[in-house]
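Chains A and B, in that order, are what the protein sequence lines are. Taken in order, the first sequence gives residues 1 to 111; the numbers are from this note's numbering. Taken in order, the second sequence gives residues 1001 to 1120; the numbers are from this note's numbering.
Calculated directly from the structure, the hints in this document are not laboratory data. Possibly wrong hints are sitting among the right ones.
As a list, the in silico DSSO-like pairs of lysine-lysine whose alpha-carbon atoms are at most 27 Å apart [claimed, not checked]: (1) B/K1043 to B/K1061; (2) A/K47 to B/K1061; (3) A/K44 to B/K1061; (4) A/K47 to B/K1043; (5) A/K44 to B/K1043; (6) B/K1013 to B/K1043.
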Amino acid sequence: QSALTQPPSASGSPGQSVTISCTGTSSDVGLYNYVSWYQQHPGKAPKLMIFEVSHRPSGVPDRFSGSRSGNTASLTVSGLQAEDEANYYCSSYAGSNNFVVFGGGTKVTVL
Amino acid sequence: EVQLVESGGGLVKPGGSLRLSCAASGFSFSRYSMNWVRQAPGKGLEWVSSISGGSGNIYYKDSLKGRFTISRDNARNSLNLQMNSLTAEDTAVYYCVRDLSEVGGNFDYWGQGTLVTVSS
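So that you can see chain A by itself, here it is in the shape it has in the complex (with noise of 0.2 Å):
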């Protein structure tokens, strides 16, 4: 079982948003603002696509967004492309004992 909790799967139609949740606690992403977010294709290694909550590395489309409120983060991928279809992780630091936690994982699946 994950530490950060994310749904199992989103889907949008080409063009439309998404927006993937990702559920921790007063002690990791209600706390600190080290959230971060990773696209991962099959196969492949992960990719940072927002760090720090809301920013976005050189190279990342500003169709990706990323907010916090209370103990969630969300991810948010507007204007929906087929390359946009891949695995979706949070992560957040959580202090000097767990370090860092990841979620679950979300496919997000362009209809």
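Assemble the complex: chain A is given as a structure, and chain B must be docked to it using the hints.
Here is chain B on its own, set in the frame of chain A:
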């Protein structure tokens, strides 16, 4: 260009040991915390261990303490993971990962991974 290349994976019997290495290039290695993250077949990501740039701060997933040892050689731009007393539950792809921050898990560069299979 940042590159992280893992090696050392393979098939090992339960109870055995394995040492993974990661060769880093394209950035000032000693300035970054480095991590190992693993992914069991068909499963999600699991953080394993972290080491700061100067090796002064080292962290392990609780359940792995005592069996895994992370180390680095800044002169050789290399990261290592010594894994002992391996069980089937350790079977996974192990990724070498750079952290954008000193702490926080902002994992901005990942290697291609090396597969560790623990089986008799």
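Hints, verified against the model:
Distance restraint check for B/K1043 and B/K1061: the Cα-Cα separation of roughly 17 Å lies within the 27 Å cut-off, and the hinted pair is therefore satisfied. For the hint linking A/K47 to B/K1061, the alpha-carbon distance of about 22 Å falls within 27 Å, and the restraint holds. Restraint check for A/K44 and B/K1061: satisfied, since their Cα atoms lie roughly 24 Å apart, inside the 27 Å limit. For the hint linking A/K47 to B/K1043, the alpha-carbon distance of about 17 Å falls within 27 Å, and the restraint holds.
Of the supplied pair hints, the one linking A/K44 and B/K1043 holds, its CA atoms being roughly 14 Å apart against a limit of 27 Å. Taking the CA atoms of B/K1013 and B/K1043, the gap is about 22 Å. The hint holds against a cut of 27 Å.
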